[in-house]
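S.K.: So you can see what is in the structure, the chains are spelled out below.
Protein chains: 2
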Amino acid sequence: MNKKPVNGMRDILPAEMKIRDYVLRVIRETYRDFGFTEIETPCVESIENLSSRQGGENEKLIFKIMKRGEKLNLQTAQSEGDLVDSGLRYDLTVPLSRYFANHQADLPKPFKALQIGPVWRAERPQKGRFRQFYQCDIDIFGDGTNLAETELILAMSTVLSRIGFRNFNIRINDRRILKAMAACSGLSEDSYDEIFIALDKLDKIGEEGVAKELLALGMEEEAVSRYLELFRSVDGVEGTRAVDTLAASLGGALDPAVAENMKQIFELVLAASTVPFDLIFDPTLVRGMGYYTGPIFEIAVPEFGSSVGGGGRYDEMVGRFAGQPTPACGFSIGFERIITILMENGFEIPGSKEKTALLLERGLSPEKTAAALKDAQQLRAEGRQVLTASMIKNRKFQKEQLAAEGYLDIREYYENPIER
Amino acid sequence: MNKKPVNGMRDILPAEMKIRDYVLRVIRETYRDFGFTEIETPCVESIENLSSRQGGENEKLIFKIMKRGEKLNLQTAQSEGDLVDSGLRYDLTVPLSRYFANHQADLPKPFKALQIGPVWRAERPQKGRFRQFYQCDIDIFGDGTNLAETELILAMSTVLSRIGFRNFNIRINDRRILKAMAACSGLSEDSYDEIFIALDKLDKIGEEGVAKELLALGMEEEAVSRYLELFRSVDGVEGTRAVDTLAASLGGALDPAVAENMKQIFELVLAASTVPFDLIFDPTLVRGMGYYTGPIFEIAVPEFGSSVGGGGRYDEMVGRFAGQPTPACGFSIGFERIITILMENGFEIPGSKEKTALLLERGLSPEKTAAALKDAQQLRAEGRQVLTASMIKNRKFQKEQLAAEGYLDIREYYENPIER
Chain A
1028 MNKKPVNGMR DILPAEMKIR DYVLRVIRET YRDFGFTEIE TPCVESIENL SSRQGGENEK
1088 LIFKIMKRGE KLNLQTAQSE GDLVDSGLRY DLTVPLSRYF ANHQADLPKP FKALQIGPVW
1148 RAERPQKGRF RQFYQCDIDI FGDGTNLAET ELILAMSTVL SRIGFRNFNI RINDRRILKA
1208 MAACSGLSED SYDEIFIALD KLDKIGEEGV AKELLALGME EEAVSRYLEL FRSVDGVEGT
1268 RAVDTLAASL GGALDPAVAE NMKQIFELVL AASTVPFDLI FDPTLVRGMG YYTGPIFEIA
1328 VPEFGSSVGG GGRYDEMVGR FAGQPTPACG FSIGFERIIT ILMENGFEIP GSKEKTALLL
1388 ERGLSPEKTA AALKDAQQLR AEGRQVLTAS MIKNRKFQKE QLAAEGYLDI REYYENPIER
Chain B
1028 MNKKPVNGMR DILPAEMKIR DYVLRVIRET YRDFGFTEIE TPCVESIENL SSRQGGENEK
1088 LIFKIMKRGE KLNLQTAQSE GDLVDSGLRY DLTVPLSRYF ANHQADLPKP FKALQIGPVW
1148 RAERPQKGRF RQFYQCDIDI FGDGTNLAET ELILAMSTVL SRIGFRNFNI RINDRRILKA
1208 MAACSGLSED SYDEIFIALD KLDKIGEEGV AKELLALGME EEAVSRYLEL FRSVDGVEGT
1268 RAVDTLAASL GGALDPAVAE NMKQIFELVL AASTVPFDLI FDPTLVRGMG YYTGPIFEIA
1328 VPEFGSSVGG GGRYDEMVGR FAGQPTPACG FSIGFERIIT ILMENGFEIP GSKEKTALLL
1388 ERGLSPEKTA AALKDAQQLR AEGRQVLTAS MIKNRKFQKE QLAAEGYLDI REYYENPIER
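As given, the protein sequences belong to chains A and B, one line each in that order.
Just so we're aligned, residue 1028 is where the first sequence starts under the working numbering, counting upward by one.
Just so we're aligned, residue 1028 is where the second sequence starts under the working numbering, counting upward by one.
This is chain A alone, in the form it adopts within the complex (with noise of 0.2 Å):
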């Protein structure tokens, strides 16, 4: 038998599952203090909605779920496709879809969704990426309007102050005024999915890499030299005064009511939110998932360099599964990520319990073992954390061990305590 977990997958140890059980309980307890009701769903989805198109590149990444029994022929098999009859998620979004779209009529009105717990993609192992992670989501559907993008980022920005972390910020963009700014340059609707990715990698490969990148596309010269003036033009601007400027720069390519939306989320969110962080109008963010309609946001605390979660409005989803287009928009938290940065950054747990330690010699009678255990319990109904253990031959290691993990205070029963 094997004793490693699965290629790509990982066991976790008892110090960063004390981490991440504190973190779940943050955010757990955030979002129900904005109203947000966890549900959840199957690890196991049916095949068909795993590879609908939804998920771009993630459904070249399932796990697939053999059929079972009588309904498994390999004889017969031509292809994958007979042999396999669902797989585990890769995201929690198609899922949440189709759990609104089946329990509908049993959910209020709008309804604020909280689901979490872990997803699967099959990608090549390597550092820090594992091919079973958590994600923790919120979703608003039944909402059209900007009150759901707002509700989202004082909600998810709560959840990171309440973790600890200062100096974070949340870029905001919208779909729709990254499409305008590509359609009022000139450049081809068909090309809009590649453009994108392009203009996605800006702060890696600079303005010029991307100019190259679209010019091997086929755009014209002109367009593309107009498109990145457009970026330029709102450079060092900042919030609803760039929005003004591109609105103005867009004229009719952009619906006026687009920018006033993002106008009024800037100023629902700085009336409203009670934690600091900078609310950034960033025109270059794209957000890879197609299914997005509207506006989309990231997060990013700087000193970790990488973004720690993000979404967007996707109004076209739930329709796929309910038969009518239901509003929805959502928010991600990048859960392994911000874990990661806990633990490489030290992070203490606040408001632990004491730990007190009690060891037992072994062979110890019945009466003295007694004696310890009500012992263990009086510490315990006195709010401490209490350990009773058999004492290992080693009983300076073992004393060790559990300093390390925080039991600073560690008491021994003997059965002569006097002759020690």
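In short, the hints are calculated from the structure, not lab data.
It should be emphasised that the depicted structure is a prediction, and the values quoted were computed from it without experimental measurement.
Heads up, a few of these hints could be off.
Note that identical chains are pooled: a pair holds if it fits in a single copy or bridges any two copies.
[As the list claims (entries may be wrong)] With a straight-line cut-off of 16 Å between C-alpha atoms, the simulated EDC-like cross-links for lysine to aspartate or glutamate are:
1) Lys1094 <-> Asp1109
2) Lys1094 <-> Glu1107
3) Lys1087 <-> Glu1439
4) Lys1094 <-> Asp1112
5) Lys1206 <-> Asp1305
6) Lys1239 <-> Glu1249
7) Lys1426 <-> Glu1343
8) Lys1239 <-> Asp1342
9) Lys1239 <-> Glu1086
10) Lys1420 <-> Asp1230
11) Lys1094 <-> Glu1150
12) Lys1290 <-> Glu1394
13) Lys1045 <-> Glu1432
14) Lys1045 <-> Asp1402
15) Lys1401 <-> Glu1294
16) Lys1426 <-> Asp1230
17) Lys1031 <-> Glu1075
18) Lys1154 <-> Glu1371
19) Lys1087 <-> Glu1097
20) Lys1426 <-> Asp1112
21) Lys1426 <-> Glu1043
22) Lys1380 <-> Glu1427
23) Lys1395 <-> Glu1294
Following the hints, complete the assembly by docking chain B onto the known chain A.
M.R.: Just chain B now, with coordinates in the frame of chain A:
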């Protein structure tokens, strides 16, 4: 796209989810008080580990995962085994034993583990039984003394008590007593598995039914009669007195240390327990899994019929992974069963926050919206759970739904409040 969950699995609605979350919190906090540390293993295990005959009948119920990429070759595949490399775990004990073997050097000794998570079994779907369900296990590795059994019983009974159960009992037996009783009666060792399966039905089919099954297995009438007489001899005899009575009848067939061990567990639990429950010596208790080697126990709440947890000592499993045997003892909570009982009995979560809902008229100006959002933040700061939501057309229905969810304080925000 299919809006139903896959066959045999289920979506969890908000009302149940709140209770699950609450119970999990009680479980985690209580076990932590007893010095257990939480760990996590991947949901996916290698197919070799799942098919090693540790899991008994469960091994027939594995959800198997297809190989991917180059490793998957439909043309050359002769059997299922050629197509599959892993599967979803059917319990937490096999992964935990693998985990302990893998990380032994980094873990404290003895190691007290808590593991909570979903497991999967492709059973025929039926009422109350699902193909994905949660298990909550505590296990102690590296302690061969009865301190392990005692602590498991104390911790588990404290959990049940904190959840709110009264009048529960823990039945205890020892696999070695079970075997000694069969041996002493002259039943043949080759048939122990079948004999114990028959014995396990005693409360359903009665003494006569068991006798019939044993005779059908080819046992001698005299042996069967001796065997059943042994059980009768302790009928109505309680606790350690029953152990003494049996030990006297069994004579050399039972190692006196086994009886002594059982009596000590009684003594220790009764001395140290701070919550009321009945500890019952039950020589008819079997526990299905073949891997148990010593004491076994089962916890039940008689007014709700069935068992809500069980466990025992399994000193030989870790050795199959680690190379060297490590004593192990564990207890598994029947989490789904407990949730069902609580749901059916209108369980109220204690200490929930007061809930306020703010309903915002559609088209409310940004100024009034901001004011409402600020009110929400203020109420949250005062410790309330606050939902903000856009009004839907059927406002009366919306308010009824909110009231049903516990939002007893509902406030409405209109652009022109005077007109109403």
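S.K.: For the identical chains here, do Lys1154 and Glu1371 meet the 16 Å Cα criterion within one copy, between copies, both, or neither?
M.R.: Result: close within a single copy only, 14 Å intra versus 47 Å inter.
S.K.: First find the shortest C-alpha distance between Lys1239 and Glu1249 inside one copy, then the shortest across copies, and answer within, between, both or neither for a cut-off of 16 Å.
M.R.: within (13 Å within a copy, 93 Å between copies)
S.K.: Go through the copies and call it for Lys1045 and Asp1402: within, between, both or neither, with a Cα cutoff of 16 Å.
M.R.: neither (26 Å within a copy, 35 Å between copies)
S.K.: Tell me, please, which holds for Lys1239 and Asp1342 at an alpha-carbon limit of 16 Å: within, between, both or neither?
M.R.: neither (34 Å within a copy, 66 Å between copies)
S.K.: Have a look at Lys1426 and Asp1112 and pick one of within, between, both or neither, based on CA distance no larger than 16 Å.
M.R.: For Lys1426 and Asp1112, neither the intra-copy (52 Å) nor the inter-copy (42 Å) Cα distance is at most 16 Å.
S.K.: Between copies, within a copy, both or neither: which fits Lys1426 and Glu1043 at Cα up to 16 Å?
M.R.: neither (21 Å within a copy, 43 Å between copies)
S.K.: Is the C-alpha distance from Lys1401 to Glu1294 at most 16 Å within one copy, between copies, in both cases, or in neither?
M.R.: Answer is between: at 12 Å across copies they meet the 16 Å cutoff, but 59 Å inside does not.
S.K.: What label fits Lys1239 with Glu1086 when the C-alpha limit is 16 Å: within, between, both, or neither?
M.R.: So Lys1239 and Glu1086 fail the 16 Å test inside a copy (30 Å) and across (57 Å) alike.
S.K.: Treating 16 Å as the Cα threshold, decide for Lys1420 and Asp1230: within, between, both or neither.
M.R.: Neither: 58 Å inside a copy, 45 Å across copies.
S.K.: Evaluate Lys1094 and Asp1109 at a C-alpha cut-off of 16 Å and name the case that applies: within, between, both or neither.
M.R.: both (8 Å within a copy, 15 Å between copies)
S.K.: With identical chains treated as interchangeable, where does the CA-CA distance between Lys1045 and Glu1432 reach 16 Å or less: within a copy, between copies, both, or neither?
M.R.: within (11 Å within a copy, 32 Å between copies)
S.K.: Given identical chains, is Lys1290 near Glu1394, meaning Cα to Cα at most 16 Å, within a copy, between copies, both, or neither?
M.R.: between (73 Å within a copy, 13 Å between copies)
Comparing the model with each earlier hint shows violations of hints 3, 5, 7, 8, 9, 10, 14, 16, 20, 21, 22; every other hint is respected.
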